Each structure stands twice: as C-alpha cells, then as structure tokens.
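Number of protein chains: 4
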Amino acid sequence: MSNILNIGLLGCGRIGKLHGRNINASIPGAKVVRLAEPMLNDAHKTWAAEAGIPAVSKDPVDVMNAKDIDAVFICSPTDTHADFIIQAAEAGKHIFCEKPIHTDIGRIKEALRAVEKAGVILQIGFVRRFDHNHKKVRDTVASGLLGKPHLIKISSRDPEPPPLEYTAVSGGLFMDMMIHDFDMARYLAGSEVAEVNAVGAALIDERIKQYRDVDTAVVTLKFENGALGVIDNSRAARYGYDQRTEVHCEKGCVQTGNDLIDMSMISTAEGVLCERPKWFFLDRYNDAFIAEARSFVDAVTNRKEPPVSGKDGLMSVYLALAAGISLKENRSVKLSEVMR
Amino acid sequence: MSNILNIGLLGCGRIGKLHGRNINASIPGAKVVRLAEPMLNDAHKTWAAEAGIPAVSKDPVDVMNAKDIDAVFICSPTDTHADFIIQAAEAGKHIFCEKPIHTDIGRIKEALRAVEKAGVILQIGFVRRFDHNHKKVRDTVASGLLGKPHLIKISSRDPEPPPLEYTAVSGGLFMDMMIHDFDMARYLAGSEVAEVNAVGAALIDERIKQYRDVDTAVVTLKFENGALGVIDNSRAARYGYDQRTEVHCEKGCVQTGNDLIDMSMISTAEGVLCERPKWFFLDRYNDAFIAEARSFVDAVTNRKEPPVSGKDGLMSVYLALAAGISLKENRSVKLSEVMR
Amino acid sequence: MSNILNIGLLGCGRIGKLHGRNINASIPGAKVVRLAEPMLNDAHKTWAAEAGIPAVSKDPVDVMNAKDIDAVFICSPTDTHADFIIQAAEAGKHIFCEKPIHTDIGRIKEALRAVEKAGVILQIGFVRRFDHNHKKVRDTVASGLLGKPHLIKISSRDPEPPPLEYTAVSGGLFMDMMIHDFDMARYLAGSEVAEVNAVGAALIDERIKQYRDVDTAVVTLKFENGALGVIDNSRAARYGYDQRTEVHCEKGCVQTGNDLIDMSMISTAEGVLCERPKWFFLDRYNDAFIAEARSFVDAVTNRKEPPVSGKDGLMSVYLALAAGISLKENRSVKLSEVMR
Amino acid sequence: MSNILNIGLLGCGRIGKLHGRNINASIPGAKVVRLAEPMLNDAHKTWAAEAGIPAVSKDPVDVMNAKDIDAVFICSPTDTHADFIIQAAEAGKHIFCEKPIHTDIGRIKEALRAVEKAGVILQIGFVRRFDHNHKKVRDTVASGLLGKPHLIKISSRDPEPPPLEYTAVSGGLFMDMMIHDFDMARYLAGSEVAEVNAVGAALIDERIKQYRDVDTAVVTLKFENGALGVIDNSRAARYGYDQRTEVHCEKGCVQTGNDLIDMSMISTAEGVLCERPKWFFLDRYNDAFIAEARSFVDAVTNRKEPPVSGKDGLMSVYLALAAGISLKENRSVKLSEVMR
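Residue numbers (my numbering), protein chains in the order written: chain A, 9 to 348; chain B, 9 to 348; chain C, 9 to 348; chain D, 9 to 348.
Hints listed in this document are in silico derivations from the structure and should not be mistaken for laboratory results.
Certain hints may be false.
Just so you know, same-sequence chains aren't split out, so a pair can sit in one copy or run between any two.
Straight-line alpha carbon distances no greater than 16 angstroms define the calculated EDC-like cross-link-like pairs of lysine to aspartate or glutamate that follow [said to hold, decoys possible]:
hint, residue 1, residue 2
1, Lys53, Asp67
2, Lys39, Glu58
3, Lys125, Asp306
4, Lys107, Glu313
5, Lys259, Glu278
6, Lys336, Asp295
7, Lys286, Asp270
8, Lys117, Asp67
9, Lys342, Asp184
10, Lys25, Glu278
11, Lys107, Asp320
12, Lys336, Asp306
13, Lys156, Glu214
14, Lys143, Asp270
15, Lys156, Asp213
16, Lys259, Asp213
Nothing here was measured: the structure is a model prediction, and the numbers come from that model.
Let the sequences and hints guide you as you build the complete structure.
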C-alpha cells in the first residue's frame, strides 16, 4: 500500500458520485483512482474526469483485481452488495459497503464469512452515526453523565416519498428507510434490541398498499439493557428532512433538533417565521458522509476496528425483518425469533 | 341562580385549594361559598378564610343540599368521585369533577346515567386541554391548515415519582398519569382510538414492581381515522415537567415545546445554558386551571356543552384499562374488547 | 399597623386598576381598602366593588389622611406624583409611586426631601426589574459568574405608538419610554452612567416632529465602571412587545429573549412558524407587577430597603434629560452636566 | 481564456490556503494553477502539491505576468494589496482582493483608477455577504416584505483577541475588525452611511491602550435613507464567534442567530445545555468563502458586476477612519468630512 490509500469505486449513481467527490476533494490520505459502472456513458466519464478519477470501466472485475487498488467502495444496487463483498474480500481488498448489505440473511452471512476469512476490513454505510448531532446525543449517553438510558426516541421523516417503482423493489419502509433508525437505536442505546412491535399505515399514497407496504409507521423497541425505544417514520414531511433523536435517562435527557437552512427569524404581525430543516440527506448529512469516508480510510490505514461493522449491518436487517413480521401479524416479535 | 354562580367545593387538598383560590381570585362570574372537607382542621379553616369562603363543614351533604349552591367542584379522592357525582346530580347541582371519574367502568356509567337523568352539566378535569400550547396544536390540526393528521406524538414526563404508597392505590401509571395523555391523544387527533399496544418497565425504582406497575412506558395507538399515535411516559424527568405534543400531518407538522422558567441564555466557554421547563403541573398549568374553571362557569351560566364531557372521562378510562391489558399480556388490545 | 397592610389607591386608570386587582387577588399580606379618583364614575365604583375595595372617594385627601391607611399607591397622572408623595409623606404613609416621579428635577428633589424627613418608605414603579427574564440577566451578572460586564444591550420596542396627543404631553420618547431602559441599564450594569450619546429619528409617523420628538432612537452609554452600553427604542414593533436585554462580560454573555404567546412551531413547505412575543406590558409584565407590589409590601412590613429607591427614580430622569440634550445638540452629554 | 478560469494565488498564509483549497476542491469552473509566496518553504510546497497547484514561485511577478493566468487572488499582507492590484490590472488580470484594500485612501484610489483603466473585474473579500444567515436578513429587507428599514443592528465579537503585535500594525479595531461590520451595515441597509458616532474602551487587555486602540466598541450610524444603526464589537467572546444581525423595519423585524456547533440540548436538574456558536470565521464562514469565490468566478466568466465592488472596499475604509476620529475626539463625524 502506498502512503495514499487507492480506492476503487463500484457504481456511479447518486451515492457513488457523492463518495467519489468527497474522497478526492476532502480526504488527503485517499484517492479514488478507478471507477466501474456497468451502464457507463459519457456523462459518467465527464464526471470521473472532473472528479480526478483516471481509470473508468464497465466491468467491476477491472476494479476488484487491479493491483493498485487497496479498497473498494460498493455503491451499486443492493442486490449486488453481497456478491461484490465476496469478490472484493477474495481479492484482498478492504471494503466500504452501502447499506443494507442485502435483504436476505443467508447472503449477508456468506458475505461476512468471506470478509472474516480474508481478514479485510468491512465498514457499512450507516452515515448518520457520523452526523454531529446524533453523535453528540450518543456521546452524551455513552459518557455516563446522565446515568442509564430509559427511553430512546427517533423521529425520521423524508421530505417526499420515493417513486412508487422504487418502493416496489426496495424491500419496503422497514428495509429501505427505517433500517437507518434501527441502527441509530442500537447506536444510541449501546444495547441490542430484544423485541419489536410495529404499527403502520398507508396514509400518504394508497397505491403503496399493493406492495403490502406502509408509508407511516411507529415501532416500539425493548432493549436487552431494559431500556424502551420508539421510532416513527413518515415518507412525507413537506417541510424538509426531519431527523431528531432523543435519549431520556436516569438523570436527564439529551436530544437534538434538525440542522436548519439558516438561523433567521422574521417577526411580523402574522407570527415569527424561521427556516425549515435542510431539505434531504444530501444537505443534512453532507459533512457526515465526509466524516464516514475519513473514518474508513483511518480504519484501513491504521488497522483499527471500523466504527460500523458487518455485524451492525446484519443486526439492522434482522430488525427490519422482525418489524415486518410484527406489522403483518399484529404482534410483538422477539429478535431471537428471526435470528434462529 | 343569582348573577354570580355559587360554588361548593368538595375536598380541601392540593387540587381543591387550587380551584378554590383560582375561582375566588380570578373568575368574576363565580364564587366558592361553601367547602366540605371530612378531615377538616384549623389549617383548612384559615385557608378558607383567606380564600374568602364563608362556610366550611365536614359533611359533603352540607354542600350538596345547600340551596345557595349552583354547582360543585369534586376535588376529593378518586374513589369518592362517582358517589359525589350521583349525589350532586340528584340534588340538581352542576358538576365539575377531577379526573379520573372512577377506575371502575360500572361506577362511571352509573354516575353518567345520574347526570343525564338530572339534566345537569358535568365537566371532567382534563386541564391540559386548556393549556395555551396544546390548545394551539389542537386548533392548528382542527383548522385543516395541515390536512389530515398522520401521527400524534405525546411526551409526558413528571419531574419525580410520587411516594410509593401513592402508587399502591393510584391504579398505576396508565390510570393516574397516562390517562391525561389518552385524553390529549383523542383531543389532538379528533378521533377515537381503535387499538393500543403498550410496553413498559420499572427503570426508576424497582420496588414499584411489587404493585405490578411500571414507571416508564410507551404506548402506540391506532385511531379510527387511520392515524397512528405514540405516547411516552416517565415518572422521573429530573429537569422538570416535560410536556410536549406533536401532530405530523399531510402538509406539515405542528408541535409544542415546554414553557420555561425563563427565556435566558448564558453563554460561556462551557456551553450555552438555558432554563428548564417549569417544575410541575402547578407551575406549568396554572393558567390552564383558571381557563378550565372559567370554561365550566361559562358552560353552566350560558347553558353550553362543557368542553370536556362525561364521555371524555369514560373513554380515557377505557384506554387506561386497554393499555394495562396490553402490557400484561404483551399484545395489541382493541378498544372494543374493553368496551363490550 | 394591623397584620394586614392597608393600602389606599390614588388613581383608577389602567395602571391603578392593575395594582388594585393584583394586591387584593394575589398578595395575602396587604389589602386595598380605599380608592380616590377625582373623575370618579359608576364604572369605577363597580370595578372597586368587584375588586373588594370598600371605600371610594373623589378626594385624594380622604385616602392620605385616613387613619386606617398604612401606605398609598400613586397611580395618578405624572404631574401629580410629586405633590402626592409630599402629602403622603407628611401624613406618615409609605409610598409606592409609578414612574417617572416627575419630569422636573426640582420637584423630584422636593419630594425626596419630604420622604426622607418623614422616614417613610418610597418605592418607584420600575416594574421590569421584577420580570423573571431581566432579573435572571441581572442576577447572573451580579453573581460574578461571568466576570466584569463589558457591554450592556437593551432592545425595547412597543407594539404600536401611543396616540399623538399623548406624545404631546408625555415628555417625549426618552422621558416616557426609554426611562424604563435607563433604569434597566443601571440595574444590569450595577453602575451609574457617566455619559450618554443619542441618535433618533421620526420614522414611523412624521407628525411627531412637531413635538420635536422622535419615535426611533439609539442611545450609547458609558458607565462609571468602564462598561459600555446601548439602548434601542422603537414605538412600533408590529409583532409585539420586544423586550430583550443582554450583558456581554469578561467570561461570557447572558441574554434573554421574549416571553412568547405560546411555544408552538408549525412546519410547512413555506417555513416554520412560531408565536410572537406577548403583545404589550400588561401581558408581558403581569407577573412582574405582582412581584413588584409584593416586594413593596415586604419592604414596608419588614422595614427593608425598597428594591427601587427614590434615587433610582431621580437618576433615570437625569438620564432622560441628558439624552434629550444629546439628541438636540448632536453631542455627547456627561451626566455631571445635568446633575450640577 | 480557456473554459476553466486559471487563477494565480498571491500569498500562502491562512486565508490564501483557504481560497486555494476551496477553489480546487469545490469550484469546477476554476483552478488555481500558480502560487507566489515570498517566504516560500517546504511546507508551502507540500500544501500546494496536495491542493493540486502545479507551479509555485517566490516572485509575485511570475504569477502576474504568466500568460496562462486569467485572474489573481490577492491574499498577501494588507500593505501590499494596492501595489498588487495595480500590477495585476496593468497585466490585464481580473482581481479578487482580500479586505481592506489599504488603510490609506490615496493608495486605494490609485488602485481603483488602475482597475478602471484596465477594464478588469475587481472584487473585494467581504465574505460575510455570502453567509446564508446575513444574506437572508439582507434579502428579506431588500424584498420589501417588511417595508422601510428603521434600525440596523450588528453584533460582531471574536472569540479571543489577536496577539498584541498584530494589533500594533493592524490599523486598530475599526480598520481590522469592524470594517466587516461597516460593510455589512451598508449591505443590510441598502443605503450609505451619513454620520458615525463611536464609543470604545480597553476592557479586555489594558496593554492595548499603548496603541491608542480599544477592544470593545459601540458605533451608532445614521444612514442617508434616514435609518439608524448600531454595531457592537468585542475582541473576546469566550463562547465563540458571535455574529448576529438584525433589521427592524416598518412592518416587522428580521434577525439571525449564530450557526451552532450542533443542535443538541442536554436537560438536567442544573439546566438545559446547548452548544455554542461555531468557534471562529474558518468554521462559521466556510461555506461563505466558497460562495464568495464562486461568485467571483461567475462574475469574471460571465462578465457580470462583481457582488462586492472596489467602491464597497473604499467606503468601508472611510467608515473606519470616521469612527476612529469620532472615538478620539468624542464627537459625531459626518462621512462627508473624511471623503472630501
């Protein structure tokens, strides 16, 4: 490995471009030097040139097997993640993989075994752990300042629903959206979840019912350490990306509001008008994406434990599955039930 | 009835004194002229003199049957409420009764029948409906400005647990504490609850387990209008009385924070220190108690529907019972199950 | 003096009624038993009956000389204050007097001499010192927590201008409005002002120029302890009564925002709408008026120094005069210049 | 000019590095290709390599005269600005110059004449105009929504004083610090200043008196459009960079608070602890620096008026000079007095 970590990027969609640009612009110790994108077109090539990525290809194998590559960023569609992890691990590359690893537990376990066997580092893309706000909540809880956590609360609402076609293949609200919040819940509580209970409804767009999906949901959690939790999700917060967390503890409570577009107040006879939360994840979590990539580079370069492990990736999928069963069968579901 | 509504006060505990003082100090159209308190002592007498209540007695009957009395305020222990409602109704007095009406559904129904038969006005003491903050949330939802409600959220936490002996007889967290929030949920949603699901734990003081009670709980709600809801309760918010409500709707979200001790900010190298929520309900809901009593006086004087009815009192008890079953049996409970 | 402090009220205008009602409703240790109002009419009599004031009269002398009166509240027009203080002092009554004592320094000094000679207690009605917010700012500074004060800032804006006729006789913006802020500045800084510098303009209503008055003004202050200060005033804050104070110190800064109508937030695609400051002084300073009266009753009953002295009343008038000269002559004015 | 604007950077201190890095990382339409730094050392060379700047030199002339250079960023010490502007203009390069242009009016005028003669674009580095918060205040005022501005208020406080040696050569608080606020005042008011009045004191560090400088100051402003203004400065806000602006208008008020380190609240029995403002200008104005450079690139590329002109640079120096005289002579100073 040279002094600079050479990275190969797999996938040139929205999230791939975001990581590619962030690394080459903001992380001195790493450089994206190869890109593979099966649907490669001129726009991709132009983007790669501007981002300073010299080599582009249609074939992921060109990246996996390249001798000059130390690590890969897997930013391709979810159903390719497990395969790419296995290939990259076998090629001895360190791996950053976007969430979720896969929606099938068997495939996830295969991927994690390949990683373990190869002894490479794997980090999963739960970017919210790197947000200054949520991190402050978690660090405050972890510091012990407030005593034991009693109640973990997460509000997580997207500004607008994704296209209906996306919903059809995404695995549903629990798997594509609340999965972030399941990870956040474990992160904030410092404990595994023992049991979940879900309620949900199609309140924004009835057509989503054909996919047996919901667009609004509340899930309660019982943690192994005794704490309780609750997550609410909505696919439509017309005022912006609403991402708030709160932990009520023995001696007090820590919570975070949203980052706002600006800190203005306009006072008139009609009221006091303030700005809305930042619009969506590209705005709200921009700095978090950079911190996330930096932490991966640091883990690889300095042979540290990555801050979000393969196990974290697995546990959040278990939680999404359990919530799905709970909603469908209208009953509490113990995590042990889906983990057997 | 004279121009001034003459009121008889039943019970001279904390809440009785509060209503007595408020009415005589702040409500020109009404006057507390009689007090009955079975444990009557000198302190009660002194208080009554200062509050301008000329007649005091040990026997509630002295108040019920007094010709100069137009209405009674029932501020005695919960287990006396139903009897006093029946006696007052039979005496033709209008009735303000503190919550809950009773913990036994049969007794509540008897009381409501007596009220209906007598044609008197009955208002139940869900004071939070009169708080400027929660009322603003509800009025915003009811105005239709934000479209249909999707998600009703209530955080309700006491600053410190009551004495253990109180817990032993109170009916438990759902009946003595969350009952306020059940009423608030119905008030905010503008809909009845169809189903509840409760999780709870004894996290603050383990001794509460001997009463099969919990001190921390989260209850999810499904409303008849399709909306979802969630209430969280804690018996110990060391920073003060934490009372927040939020309704996420089709077109936006309305929420309210707490009233604070003051609006100061002290900025130092260590951080920015603001004040806490007001300490407890006597501070936070002081103005709401006055507005509540005023609304009762207005309803009686002008023969209006009282803003909180006997049915409201009954429904909140159903909800508390359903939550209790849900917690005990770890399953969803339809409201129809407890209402049969 | 009986156990209860018997108070005579002079003047039954807005502020007189406010004090009368507050004392009889909220201060157990005192009672307004007499009222004198030269323009006495039926409305005044009805009000007095409702407020529990048994004796009413047209002649202030009936109050001053009444044997059963321990103290008077002077709530009459400004030009009568000095005379009434002198008469009350000579009759041996303790005195609460609304601000300003008088606009003429000679008359003020006469009044203070009479008070001193009689050995009665005199408190001036600078009610803002009793507001929970400003008091917190001052107490934080006085505690020494933040080190020496460097910069005192006061924003003080009325929701709407008074009638033009009022302006004609009020003594102008510095004497009728900023006089509160001059007192606040001295209170917060814990120091006397040495020099003032005023700028002002007629921006809201040009007709005010005929009275050589302004409706918008900024005054800088140099304090004897070296700190600097600045006050801004506007006669028209269409969003409500805007009353903010701030002290920037060696080790940090303490500031206070306004009390709001409620703590709601309504988030939509258009923005986040919060409530405005309380509308005017009757709303914002209601609790402060009660605390103020209570402090006077306490000072008289327990023979303490009153929290706002005759000297405080005098100093604020000096400051208003100095600011007037500064504005007119467009130059700095040392306080010693008007005090000689 | 190629499609990409080629930029030469003059000066490799803190602000030079900031602009260099921002342009090469975040502005696709421009590239810093040359750097001149008279004190060039290995650290500078390493930085340039990492930032992607291929050519480095000790001699500014190497940048000025390079054929491949379209524009220069002058980030050298203040006393070189005028010379570099003149040289760059004569070489036909467009110019971005950090504030202030110079502390000597004659030298500024020479520089502006050279720019005019050469027909190149000159933009001055008043970065705060590009901050999302202040820009929102200004845009709200400029929109006319609130009617005419009456009162412009600016609080601007550094977290800690610069080294004493810096103060000795900086031109003093008005020239090196408040100059930003003078520009902000003109920007917010949409009007020129007609008259200033300054008070100031050495409250943080007495040694500053030897330079006849102050570390705390309040300056009032009269604008040509009739509005009033006030700026307060402190060299030591121990809680972070305090940068607030406010415009009180005919129909309401617009103001902005600070960007905070995060949006957390920690509630305990001791109070509610929030985060402080971002520490200093590199944190607070990071995005504004990028927007500023982008606006310059846009102005040059599309031949637009630059958003901050040479005249803006000149006017702020006039204001600093006038404030200096006002402080020294303890009197109001008309701007016409220093502009003749």
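Hints that the structure is at odds with (numbers, increasing): 3, 4, 6, 8, 9, 10, 12
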